[in-house]
Amino acid sequence: MAEPRTEFAISVEVNGTTVERTVESRSLLIDFLRSDLALTGTKVSCELQVCGVCTVLVDGRPVSSCTYLTVDADGRSVTTVESLSSGGKLHPLQEAFVDCHALQCGFCTPGFLMMAKGLLDANPGAEREEIVEHLEGNICRCTGYRPIVEAVESVARQQRAEAK
Amino acid sequence: MTEFSTVGTSVRRRDLVEKVTGSAEYTVDVTMPGMLHAKVVRSDRAHARILSIDATEALAAPDVVAVVTAADLEPLFPRFGHIIADHFILAPDKVRYFGEPVAIVLAETLGAASDAMRLVRVEYEDLPSVMTAAAALAEGAPLVHEQAYDATGDDSFKSLTGKKHTMEFPEAEGARTNVAHEVDLEWGDVDAARAGAHLVVESTVHYPMLYAYGMEPYNAVASYVDGALSVVSSAQHPYMVRDDLARIFDLPLSRVRVSTPYIGGGYGSKSYTKVEPLASVASWMVGRPVKLVLSVEEAIYTTRVDTADIHVRSSFDAEGHILAREIDIVMDSGAYADNSPLVLAKCVNRSFGPYRVPNLRVRGRSLYTNTAPASSYRGFGAPQGNFAAETNLDQAAEQLGLDGAEIRRRNLVRHGEAILPGKRGIDADLLADLEIAASSLERDRKDTPYYGMGVSCSASDAGAYPISTAQVRIQFDGSVIVFSGSTEMGQGSQSLLSQVAAEELGVDLGVVSVVQSDTSVTPYERTTGASRTSTLVGLALQRACADARTRIRDMAAEIWSCTPDEVIDLPGAVQGPEGAKLAYGEVVRKWFGGTAGEVTGIGLLRREGVTQEMPPFWETGMVGVAVEVDPETGVVTVDQLVTVADIGFAINPQAVEGQDLGAATQGLGGALYEELVYDGPQLANANMVDYRVPRVTDMPRKIDLVLAERRDGIGPYGAKGAGEGQLNPIGGAVAAAVARAVGRWPNRLPLTPERVWRLLNDLEDSDPPA
Ligand code: FES
Ligand code: FES
Chain A
1 MAEPRTEFAI
11 SVEVNGTTVE
21 RTVESRSLLI
31 DFLRSDLALT
41 GTKVSCELQV
51 CGVCTVLVDG
61 RPVSSCTYLT
71 VDADGRSVTT
81 VESLSSGGKL
91 HPLQEAFVDC
101 HALQCGFCTP
111 GFLMMAKGLL
121 DANPGAEREE
131 IVEHLEGNIC
141 RCTGYRPIVE
151 AVESVARQQR
161 AEAK
Chain B
1001 MTEFSTVGTS
1011 VRRRDLVEKV
1021 TGSAEYTVDV
1031 TMPGMLHAKV
1041 VRSDRAHARI
1051 LSIDATEALA
1061 APDVVAVVTA
1071 ADLEPLFPRF
1081 GHIIADHFIL
1091 APDKVRYFGE
1101 PVAIVLAETL
1111 GAASDAMRLV
1121 RVEYEDLPSV
1131 MTAAAALAEG
1141 APLVHEQAYD
1151 ATGDDSFKSL
1161 TGKKHTMEFP
1171 EAEGARTNVA
1181 HEVDLEWGDV
1191 DAARAGAHLV
1201 VESTVHYPML
1211 YAYGMEPYNA
1221 VASYVDGALS
1231 VVSSAQHPYM
1241 VRDDLARIFD
1251 LPLSRVRVST
1261 PYIGGGYGSK
1271 SYTKVEPLAS
1281 VASWMVGRPV
1291 KLVLSVEEAI
1301 YTTRVDTADI
1311 HVRSSFDAEG
1321 HILAREIDIV
1331 MDSGAYADNS
1341 PLVLAKCVNR
1351 SFGPYRVPNL
1361 RVRGRSLYTN
1371 TAPASSYRGF
1381 GAPQGNFAAE
1391 TNLDQAAEQL
1401 GLDGAEIRRR
1411 NLVRHGEAIL
1421 PGKRGIDADL
1431 LADLEIAASS
1441 LERDRKDTPY
1451 YGMGVSCSAS
1461 DAGAYPISTA
1471 QVRIQFDGSV
1481 IVFSGSTEMG
1491 QGSQSLLSQV
1501 AAEELGVDLG
1511 VVSVVQSDTS
1521 VTPYERTTGA
1531 SRTSTLVGLA
1541 LQRACADART
1551 RIRDMAAEIW
1561 SCTPDEVIDL
1571 PGAVQGPEGA
1581 KLAYGEVVRK
1591 WFGGTAGEVT
1601 GIGLLRREGV
1611 TQEMPPFWET
1621 GMVGVAVEVD
1631 PETGVVTVDQ
1641 LVTVADIGFA
1651 INPQAVEGQD
1661 LGAATQGLGG
1671 ALYEELVYDG
1681 PQLANANMVD
1691 YRVPRVTDMP
1701 RKIDLVLAER
1711 RDGIGPYGAK
1721 GAGEGQLNPI
1731 GGAVAAAVAR
1741 AVGRWPNRLP
1751 LTPERVWRLL
1761 NDLEDSDPPA
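Chains as they are written, first to last, in my numbering: chain A, 1 to 164; chain B, 1001 to 1770.
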């Protein structure tokens, strides 16, 4: 039998804009973003919270949107990859990813960017070991990781230089 | 290095900029107006007769539009497969593996399709199954396929090897077996050579069942309207998918359009047809567009990697020179052939290594079993065969008192020497590459217990079949659009093609854009695989640019009323008599007479001239690995990874290094962590929790990626392909390093902590391969 369709009215701030919608109780944040809001920058792969491609920030904290219920985002603020660049200017992390060749197919990239942003916002100038540890939950099948770590490190280094 | 203006430098890749902003479009992001969502009902048995399918309840569920079964496909050709068209779109009378598509549920929403999928009732009668290659080979084994299928007549496949291919199926029912394909390769007199040998070394290994895990699962959106089919898909080879679809619907090729946006990871696993027929027949049934996106679990059951059991017997003289090699390969290729016949043929060609082997006998068999279908994966048969033969060589070295580098030094072929009779000689300097890898390893050798190092190498007849076409269109402002049928899956083809066009036409990279992989728009490209793009598409594109330049000179000659040979090329411009100069854009505008017009150049490549000799180039691999083993736990830590890419010329060095590290890392995954495990009829770990791929914390402590650029390829500027070479020899290198660290030779991959711990403690394998 199909599950009963309970619907909820929610209000979420997505990339700075308040969005009001009615969603099914089983709606996952990833589907809400990709299908309801057409924010397809965030990707989905494992659907089991182990690959990290679906990572977005909820109230500044990285979460796997593939296992996060949309209703739980009610009253919170969600940040996705689409918000990183503004006015045609890339975010320093995006710049560093391109420069360091930290992506190939790019499918994992939105997740890595949001994960890295979560770290560097909370812990500016993080050291290499912290970066590696923090990115452990994200899979990249193309790059072999080194360029990704280098990209994040280079931004952390800039942050340290600026803090001085 | 100033010889070139654009190629040879790590230019900023425009596709990467699109991808970091989230605006890059992948097939999963594509929608079509009015589209339905599809979910696939799959078999929950390994081998069973279908007695009935009851969709009544599913059809009554809200928002459900249709349920498609094999019976509905009767007006169509219901199978696909580019070598043997044995692959049923939907299982007709029986299912051949757990996970096989049985029905398609179409609904207005994905949620409705998922709910209704569970309401389709399928009644089965179980049949005895064959779950391993050994079981499939056994006397009186149940048959996976009772009937014979015509080969589709893929010419490039037929001409692949010099030796015998058994393709025909015996007609008599009683004579049928589960052998899907057989390949033999033989020269010299191995028996005589063995009889006179100083040392004979035998070994048997098992290569694990792997999953490529392109992170974007297989998916497609299809629309069948009025005798025309349009499909957007995650396929690496849209043209070959088009051919399969045209056969299914009996449509002219011009009425089937397949396009591929950015691909979220291919690695060979998105070669050939996957879910496109499912989405297409569904759309044909209901007359509306249909989107089908698989889950990772479904993707694993759609295509996995061929496993192999390989026996190697090598004979040596007292100095360690190879006298003969005998190799027997048995692959478990799953329920349908897909690309496995080609994987097998390549495995045979790539198994004995880039060595002087005066006497050789290789026997390869690919078996049908009641498991998920296997098909190509990065390396294409090379990792399987290479692992077997390289560990065998290292075991011989140990018995001869030589180190791993020395036995290779004594046997490697020199530049230009052939390893396959009648084929192109090896266009790489493997001896030099070996010294680079070995000295890098030695330099950072650690003096600790349970430390081991291995070097390993491979040579792959690469580039696939040399058929390629390319177009350049010079606009009236002098900017340039490149058209190519090749796909962009992260390897950097888009950027590389723009670099070649900018170089050849002498224009700024900023005015070049690239349009790719749409069978109704871009020129024909047979495949994007076998590391062919830089070499073969690069050559076709050089020709297209030369053709465009010729046209521009002809037009300029008309404008200047001189003969074309009075016009000479300048970067982005032409010069005529008395120093007159016109930029490309000016030529176009003046010739057409207005701010309008364009000039098209066409480049065609086939098997002739530089690409007459097969293979078009050799893709070699040379790697060094150093490991440290924890004797308490058996955990292997990779201390060093060294790769030497004999690339000829790197058009974008950063992209090549990226491919090398990516390929080597996938190799490390298969060598240390990854393995799909069947438990009864189904996989025990068809998900990314239990199928463990390398993570950032698994990164080798030292990574040394060397590019050996000797300009000795046939591609543009001396380039050869890259992208899989550094995966192929990793298994052998890891096995040798672990063996030297623990003192016993492994006979299988991956070398998980438990297996290594057992090796170290002289215990038997707890789960020996069947
Ligand atoms: S898709 Fe969410 S973690 Fe993998
Ligand atoms: S860039 Fe392809 S998976 Fe990371």
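A portion of the hints provided could be inaccurate.
[As the list claims (entries may be wrong)] If you only want the chain B side, here are some residues facing chain A, beta carbon under 8 Å, derived:
| id | residue |
| --- | --- |
| 1 | G1214 |
| 2 | M1215 |
| 3 | V1696 |
| 4 | P1768 |
No lab work stands behind these hints, which were simulated from the structure alone. Ideal Cβ placement from N, Cα and C applies to all residues, glycine included.
Here is how each hint holds up against the structure:
1. The closest approach between the C-beta of G1214/B and any C-beta of chain A is roughly 7 Å, which is under the 8 Å cut-off, so the hint is satisfied.
2. The restraint placing M1215/B at the interface with chain A holds, with a minimum CB-CB distance near 4 Å, inside the 8 Å limit.
3. About 4 Å separates the beta-carbon of V1696/B from the nearest beta-carbon of chain A, less than 8 Å, and the hint is met.
4. Given hint, P1768/B at the interface with chain A, is violated; its Cβ is 29 Å from that chain's nearest Cβ, farther than 8 Å.
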